[in-house]
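All chains should be built: construct the whole structure from the sequences, respecting the hints.
Number of protein chains: 2
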Amino acid sequence: MVAHMNDEALRKTIASGEAWYYSRSRKALWKKGETSGHVQRVLELRVDCDQDALWLKVEQQGPGACHTGRRSCFYRAVPLGKAGSTTLEFRDADKVFDPGKVYK
Amino acid sequence: MVAHMNDEALRKTIASGEAWYYSRSRKALWKKGETSGHVQRVLELRVDCDQDALWLKVEQQGPGACHTGRRSCFYRAVPLGKAGSTTLEFRDADKVFDPGKVYK
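Chains as they are written, first to last, in the working numbering: chain A, 1 to 104; chain B, 1 to 104.
It is worth saying that the hints were derived from the structure and are not from the lab. Take the hints with a grain of salt, since some may be wrong.
The following residues of chain A were derived to be distant from chain B, with all beta-carbon distances above 10 Å [unchecked claim]:
#, residue
1, Ala9
2, Thr13
3, Tyr22
4, Ser23
5, Leu29
6, Thr35
7, Asp48
8, Glu59
9, Gln60
10, Gln61
11, Gly81
12, Ala83
13, Asp94
14, Val96
15, Phe97
16, Asp98
Cut-off 27 Å, straight-line C-alpha distance, at most; resulting in silico cross-link-like pairs (DSSO-like, lysine-lysine) [stated by the list, open to error]:
#, chain 1, residue 1, chain 2, residue 2
17, B, Lys12, A, Lys82
18, A, Lys27, A, Lys101
19, B, Lys57, A, Lys82
20, A, Lys95, A, Lys31
21, B, Lys31, A, Lys82
22, B, Lys27, A, Lys82
23, B, Lys57, A, Lys95
24, B, Lys101, B, Lys27
25, A, Lys12, A, Lys31
26, B, Lys57, B, Lys95
27, B, Lys57, B, Lys31
28, B, Lys27, A, Lys57
29, B, Lys101, B, Lys31
30, A, Lys27, A, Lys12
31, B, Lys95, B, Lys31
32, B, Lys82, A, Lys12
33, A, Lys104, A, Lys12
34, A, Lys31, A, Lys104
35, B, Lys82, A, Lys31
36, A, Lys57, B, Lys57
37, A, Lys27, B, Lys82
38, A, Lys31, A, Lys101
39, B, Lys95, A, Lys57
On a predicted model such as this, the values are computed, not experimentally measured, just so you know. Note that beta-carbon positions come from the ideal geometry of N, C-alpha and C, so glycine has one too.
Right, here's the structure in full:
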């Protein structure tokens, strides 16, 4: 998954060892798993060369991270080598939980 | 590494199977490796659930992807469990090429 952090989210992530993010649309801090229980325990937190991107290696609690019910948000591939319109192909796209039941 | 794509960069990446990006600061399309020779052959291109993020699995030509001379841009870790100021720790941070020679 990809999400944003602000300074407070980063501070809380560092202090707690669990992933906190910041929703730019809702203008609100959120802890991953606060509704679903699918908390992310951070195993390693890395920062990139120009310090505007973070990479989290996490132990994902529960079956998946994606709000659609998949393990990962990246469950579709774009076929390569084609010009013009294209059709996405599913990859590891089986639902591992029912988002209707988890996000109430 | 993390970089931006615009629609043209994505189109060129899909058509060529090599990674193209878009620099928002320079307002210009760029092909990874056009100066350094460190081209990225795309093995798989995935898109996330809300289709605003792409994940590229690449075969990196040359010794590394980072403009600082490292293999990866994520060569520093943020220690967890601490409040207040912190000191980044190096991870796989040996330089694998001399950026002064590669980027002329």
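Query - Hints not upheld, ascending by number - result: Hint check: 2, 7, 11, 12 and 28 fail, others pass.
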